[in-house]
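Visitor: Sequence:
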Amino acid sequence: MRTEGVGHDFQAVGSVVERIPAADYSAFDEAAMRRVATRDSDDWPVLAIALLLKAPIWTEDRDFFGTGVATWTTNNVEIYLRGED
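Take any residue in the sequence shown, note its place counting from 1, add 814, and you have its number in our numbering.
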């Protein structure tokens with residue numbers, strides 16, 4: 815397992831990922847909790863943020879399927895980034 819440069823990798827991710835305060839997505843809390851209640855109830859903040867941003871979720875987690883938010887798997891993201899149809 816490669817461990818050199820991990821700190822740098824996390825810094826690089828931090829330069830493009832923006833933290834969203836809970837207050838910003840609180841209007842979507844109840845809807846998100848309801849949509850994942852029978853799946854993984856810990857997933858609701860991710861869903862609430864997706865609802866706020868009207869954005870898809872990049873995940874391999876099937877708990878988000880059928881929640882009313884588009885999901886992208888890593889394979890589909892890679893295809894999209896390569897410009898393939």
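These are calculated hints, taken from the structure and not from any lab test.
You may find that some hints are simply not true.
List time: in silico SDA-like cross-link candidates among lysine to any residue, alpha-carbon distance up to 20 angstroms [claimed, not checked]: (1) Lys868 - Thr887; (2) Lys868 - Glu898; (3) Lys868 - Gln825; (4) Lys868 - Phe879; (5) Lys868 - Tyr839; (6) Lys868 - Ala845; (7) Lys868 - Tyr894; (8) Lys868 - Phe842; (9) Lys868 - Val891; (10) Lys868 - Asp857; (11) Lys868 - Asp823; (12) Lys868 - Arg896; (13) Lys868 - Arg833; (14) Lys868 - Val883; (15) Lys868 - Ala826; (16) Lys868 - Glu844; (17) Lys868 - Asn890; (18) Lys868 - Ala884; (19) Lys868 - Ile834; (20) Lys868 - Asp843; (21) Lys868 - Met847; (22) Lys868 - Arg848.
Here the structure is a predicted model, which is why all the values come from computation and not from measurement.
Visitor: Taking the hints in turn, state whether each one holds.
Guide: Each hint tested on the structure:
1. Lys868 - Thr887: holds, 17 angstroms
2. Lys868 - Glu898: Violated - the C-alpha atoms of Glu898 and Lys868 are around 24 angstroms apart, more than 20 angstroms.
3. Lys868 - Gln825: violated, 27 angstroms
4. Lys868 - Phe879: With Cα atoms ~16 angstroms apart, Lys868 and Phe879 stay inside 20 angstroms; holds.
5. Lys868 - Tyr839: Distance ~12 angstroms between Lys868 and Tyr839 Cα, so the pair holds.
6. Lys868 - Ala845: holds, 14 angstroms
7. Lys868 - Tyr894: holds, 19 angstroms
8. Lys868 - Phe842: holds, 11 angstroms
9. Lys868 - Val891: holds, 17 angstroms
10. Lys868 - Asp857: Holds, at roughly 17 angstroms.
11. Lys868 - Asp823: Violated, at about 28 angstroms.
12. Lys868 - Arg896: With a Cα-Cα distance of about 24 angstroms, the restraint between Lys868 and Arg896 is violated, given a limit of 20 angstroms.
13. Lys868 - Arg833: holds, 16 angstroms
14. Lys868 - Val883: holds, 8 angstroms
15. Lys868 - Ala826: Distance of about 25 angstroms is beyond 20 angstroms: violated.
16. Lys868 - Glu844: Roughly 16 angstroms separates the two Cα atoms, so the pair holds.
17. Lys868 - Asn890: holds, 19 angstroms
18. Lys868 - Ala884: holds, 9 angstroms
19. Lys868 - Ile834: holds, 14 angstroms
20. Lys868 - Asp843: Status holds; Cα separation ~14 angstroms.
21. Lys868 - Met847: holds, 17 angstroms
22. Lys868 - Arg848: holds, 18 angstroms
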